[in-house]
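There are 4 protein chains.
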Amino acid sequence: MQTEFITLNPKRNVTLAAYIQEVKGDFRYISKRPAILILPGGGYQYCTNREADPVAMAYLKAGYQVFILKYSVKENAKWPNPLEDYEQAMELIRSNDEKWHLYKDKVAVIGFSAGGHLAGCAATMAKNKPDAAILGYAVTKEDLIHQCEVTAPDVVSAVDYHTSPCFLFATRTDQVVPVINTIEFTQALVKYDISFESHIYAYGPHGFSTGDTSVQHRDTFLCSRAPHWVEDSIEWLKDMFGDFDQDAMTEPACKKHVTSDYDPMLSIQCTFGYLRSCANAREIMAPFIAWLDEHREEVARHIGPAAYERTCKYGMEGLYQLADSRTFQEVLSNTNFSQEEIHRIDTCLKQLPNIR
Amino acid sequence: MQTEFITLNPKRNVTLAAYIQEVKGDFRYISKRPAILILPGGGYQYCTNREADPVAMAYLKAGYQVFILKYSVKENAKWPNPLEDYEQAMELIRSNDEKWHLYKDKVAVIGFSAGGHLAGCAATMAKNKPDAAILGYAVTKEDLIHQCEVTAPDVVSAVDYHTSPCFLFATRTDQVVPVINTIEFTQALVKYDISFESHIYAYGPHGFSTGDTSVQHRDTFLCSRAPHWVEDSIEWLKDMFGDFDQDAMTEPACKKHVTSDYDPMLSIQCTFGYLRSCANAREIMAPFIAWLDEHREEVARHIGPAAYERTCKYGMEGLYQLADSRTFQEVLSNTNFSQEEIHRIDTCLKQLPNIR
Amino acid sequence: MQTEFITLNPKRNVTLAAYIQEVKGDFRYISKRPAILILPGGGYQYCTNREADPVAMAYLKAGYQVFILKYSVKENAKWPNPLEDYEQAMELIRSNDEKWHLYKDKVAVIGFSAGGHLAGCAATMAKNKPDAAILGYAVTKEDLIHQCEVTAPDVVSAVDYHTSPCFLFATRTDQVVPVINTIEFTQALVKYDISFESHIYAYGPHGFSTGDTSVQHRDTFLCSRAPHWVEDSIEWLKDMFGDFDQDAMTEPACKKHVTSDYDPMLSIQCTFGYLRSCANAREIMAPFIAWLDEHREEVARHIGPAAYERTCKYGMEGLYQLADSRTFQEVLSNTNFSQEEIHRIDTCLKQLPNIR
Amino acid sequence: MQTEFITLNPKRNVTLAAYIQEVKGDFRYISKRPAILILPGGGYQYCTNREADPVAMAYLKAGYQVFILKYSVKENAKWPNPLEDYEQAMELIRSNDEKWHLYKDKVAVIGFSAGGHLAGCAATMAKNKPDAAILGYAVTKEDLIHQCEVTAPDVVSAVDYHTSPCFLFATRTDQVVPVINTIEFTQALVKYDISFESHIYAYGPHGFSTGDTSVQHRDTFLCSRAPHWVEDSIEWLKDMFGDFDQDAMTEPACKKHVTSDYDPMLSIQCTFGYLRSCANAREIMAPFIAWLDEHREEVARHIGPAAYERTCKYGMEGLYQLADSRTFQEVLSNTNFSQEEIHRIDTCLKQLPNIR
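For the protein sequence lines, the chains are U, R, C and W, in the order given. Throughout the first sequence, residue numbering follows numbering that gives the first Met the number 0, covering 0 to 355 in sequence. Throughout the second sequence, residue numbering follows numbering that gives the first Met the number 0, covering 0 to 355 in sequence. Throughout the third sequence, residue numbering follows numbering that gives the first Met the number 0, covering 0 to 355 in sequence. Throughout the fourth sequence, residue numbering follows numbering that gives the first Met the number 0, covering 0 to 355 in sequence.
The reader is advised that the hints may include incorrect statements.
Taking beta-carbon pairs under 10 Å as the criterion, some of the chain R residues facing chain C (in silico) [to be verified]:
| id | residue |
| --- | --- |
| 1 | 63 |
| 2 | 94 |
| 3 | 95 |
| 4 | 96 |
| 5 | 97 |
| 6 | 103 |
| 7 | 237 |
Read the hints as simulated data drawn from the structure, not as lab findings. From the three backbone atoms N, C-alpha and C, an ideal C-beta is built for every residue, glycine too.
Could you put the whole structure together from the sequences, leaning on the hints where they help?
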């Protein structure tokens, strides 16, 4: 492994450490690697090594190129300095993809506590968004981050449908960063249909890092599941980035958005509710909706007695409530439309751009 | 193992299966066991066996007495029938603690989907609350449960500080029960300071049960972490109920409430904010608050520069924001009060009943 | 789950408990299940429940039909009574495959301590051999089993190439059954090319069963890896029996023999050494061996300098030592024979029966 | 993390890479760390990076200082060159314990394939023995190692009671290093009462390293348990070295020898058989043996019917066979000697040096 230590901003004492693993040679089928940028915590007053090297080792073992950013703290932490540090680091990483043997569209960020706030900012506000973000007992709410740095922004309200996919973890009993910071962030991700995974462990102190006994003392009141986030986040990244293959990564299992409502073109994989709202899909949807109106009670009976009762009472509105969050494909599978007809509808939809 | 099949309500076809394990004899140090009551899902239209026996086996292996309730469904599911079935089952289980060799104050409930709705009702509304509740991809919101059974109640709004501790799991891509049902329930648990653990996995279909390939086909688009809820819930129950010991269970690691704000007597383990709001603690708190007012900038500087800046700007209100969610003990540890003084304050507080 | 309790031999007090899980219905794609027969330990003096029900639960959860045999003990344990009990149980299980919804060619046996001795006898001596055998801290050597029952046979010396594939586990510090019982058994399995997996954990007492705290007290000096045998054995059985699929099991990853030297027909998958010893393959092998003799130093140089030196010194014998344990296919891949020639050789070999 | 690259022997191209982690500072309670020296494989023809950095990362994450030795290969591999390289590296590591913040009595070695042969030599023949050795699909038998390097020694026959504790793993289907290399080594460890743990996985190719998909292609025929050796070896090292504590490591769970027969002084923790063979213990043992002779049938009956029968038939010899491998303490617990008498015997034994 090669290490490189780069000063990004001497005035603000911002540094980037690069841990770069070999490719090709003994690692025959590997010509590039995914990468991860670590943002340690420390309340914007310092950057703790407890959340730097021990975290790096886990992703190095999993095959990643790893970077650690010591961003602006204390009097230098005035916003947007830390985010600028992140932007500078991410730009440097992506523009050195050849030299550092990495996939520039597979660069994750991981941050802890205040570093988790910065990772959240990266995932929501940055020009150079990460391809995935891991937030450990992160501060996301304005009221709390202001206790560290009064100029730092709220993250929850910055979530939109451009936000990066996120993996979150925290402990329920964290006295420093209340768990509501994690929960409200997941709510925002649901609202904008962003892929995520979230683990809230029953108990443990703030700042437990990997939970290894070399980082967090073995007598700590930390629940047995808490250290699982490390392996779980590696598996989740595999779902987001794909797995190592011959000079490539395999197709990822997960997309950024949970539904297809944000794909470039429409399809029967979009939700029924979304398609109903698309002006350019109206013509294609109209005959189906007419048909549905005619057969609504029959379809509802197929779904179940409560659905039936509901549809009898509220008509189409009742049926829409049942169907709007499902894909159009699933809705169609509850009708007697033939495979050919369904395929024809899909083909038509796929010619329509998804205008937002 | 002995099995018993009991008809609880012949008219509504409600049955209870009991899987009872041996005690003493070859199991020398075990004279009683904790227990769990399983509520399978099925949209209040049926009770699926996929969420009954395979789930039972996991807890039997872990040493539990296990019960499976087939509650009222279809036309019998009018509220409060299913909850009455639960009450009847729970009463029967607890009153047969001797016969069935179980700890009557260590009986958990686990429910899936609509069964998870019923488990949530048990944890919030029942007379016979479970000592812990596990909710798998559970329906908790009124709008959704009404699609199954229009008379069934909302669970989120029923949470209060009497609610049982909960373990929750779900997949982010569940098309049948949107994940927001899990998230909003955890928010309510935070509000009332109830202990919980929550795992939201990146993807997987509704109703994956244990995720074993004997229950959910191996080709399912189900993320690798999803089956971990089984082992994790067993470890969590160990934290809530204690572990097997000589004719007893060990002291549990977790309490029902995260803070001490719901203990019978006050103490320095209560949060600072809560103690400030207690009329009967005012006299004891007054000298400390006076002292704090005098030394507020010094204490704030001790916490950090942002805290200092904030306190200079907002005075005591700024400091309260920092301190209110921490225990009084932790607040005191940031002052120069001596161990003796701190102990004296605690002793005084402990003589005061916690009046809500 | 249905339970059935059958008396196999009233005089000797031999019983079989059957734990039978549902198929079809809610378990749509499952029409049969693999099965396992449990033989608890107890020094042929009794059959402990600690190694019966808790073990059963693990395999039930994994989707198996499970049977527990209480075989002949004490004065009834004179050989071959216990083995006869096993034969009777196995015959009953396999002949009731329809009734009990099980694959009769996917029935494993698991035994502990003296029950492990009986499982070992089943795997080596029985008429009704199990399709896989799991041996937990098993007695396999005559000198030790004679301390329990003087008429019981040695198992190590009974291994031959008909022996069932085995999964073995034990602890290094077992004072009751020295670990050499496990090691010598694996040596015999190697000799006869039988598939196996073996885990010897650093420390733990005899008879720890599943290692769950409901079976073995939490304060036991038992190393953290020991309870892993349960999950590992389930994964190993999946390798031997295949995984659940639509009304079938998938193709198993593992065969009974490690090499193809025991397949019905010869092939380039057989080891080079074995093919050299087959009279009926001589004609096919001859040209290759002549070629090899001619190019031996070139081939050896291809393998490495030590191989080269060795071949220069010892001639063909040196090369044979390097090649005999490898498959003929691998040996051929170190030559410049074309894919077509290799394919032709394989086709010829595949027409020859494997005569032993 | 600091990295250092040291040339140990420029003529033979021997190098040592040191990956040194921080102590104190952010790692408050850690002032030293245990260490591990990695010996990659490559048939004494090269040292593969596949078994260097990826392995290093696992132990770095676990808190270790890590060293990688590229030892003498090819024409420089003549014995004892590689072992001398090891000795030089180990001496350097231990003599720099202050500079590199490591416990010099807690330095493990790990080797793979031919590197496993070298690790085995280190554990058996070196002056600077490691405190624990991990052997991955290691060559231990002379016939095989001679295929790589004809001057290299047999390891199995070099085991004695000074050998370091060992953790071994291999796959059953390894075509390059037959599994018998691992099995015969464990047998030798049993003979000399050395602590060990061993995992033989059902299938997988030679040289799979950590089994991560970044090292071994995901399509490899490698069984699911094989990658577990990494975590398991870390837990085993914790048992041998203790866990991180305040400026110290906790007391290890495991000793080098399984029994107390190699302790400096005798005690009732020694095996009965060994104590019977100690000339200086004869006087203390005599009255007990006389007593045993008198009560032998009574004691044997206490153990069980087979033991009783055996003792009736063979007299004291029969009883010795049952008792010799157990600790004297356990033997005494089967008699009616009082706790005081037992304690008195132990006190007397503890005054006797263990002369071998």
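Task: residue 103 of chain R as an interface hint toward chain C, with CB separation required under 10 Å - done: violated (18 Å)
- [ ] Would you check whether residue 63 of chain R satisfies its interface hint, that is, whether its CB is within less than 10 Å of any CB in chain C?
- [x] With a minimum Cβ separation of about 8 Å from chain C (threshold 10 Å), the hint on residue 63 of chain R holds.
Task: Evaluation of the interface hint that places residue 94 of chain R against chain C, nearest CB under 10 Å - done: Nearest chain C Cβ about 24 Å off; hint violated.
Task: Restraint check, 10 Å cut-off on beta carbons, for residue 95 of chain R near chain C - done: violated (20 Å)
Open item on the list: Restraint: residue 96 of chain R near chain C, CB-CB cut 10 Å. Satisfied or not?
Closed with: violated (17 Å)
Open item on the list: For the restraint on residue 97 of chain R, tell me whether the closest CB of chain C is nearer than 10 Å.
Closed with: Hint on residue 97 of chain R: violated, closest Cβ of chain C at ~19 Å, above 10 Å.
Task: Restraint outcome when residue 237 of chain R is required to lie within 10 Å of chain C by C-beta distance - done: At 8 Å from the nearest chain C Cβ, residue 237 of chain R passes the 10 Å test, so the hint holds.
Hints 2, 3, 4, 5, 6 from the list above are not met by this structure, while the remaining hints are.
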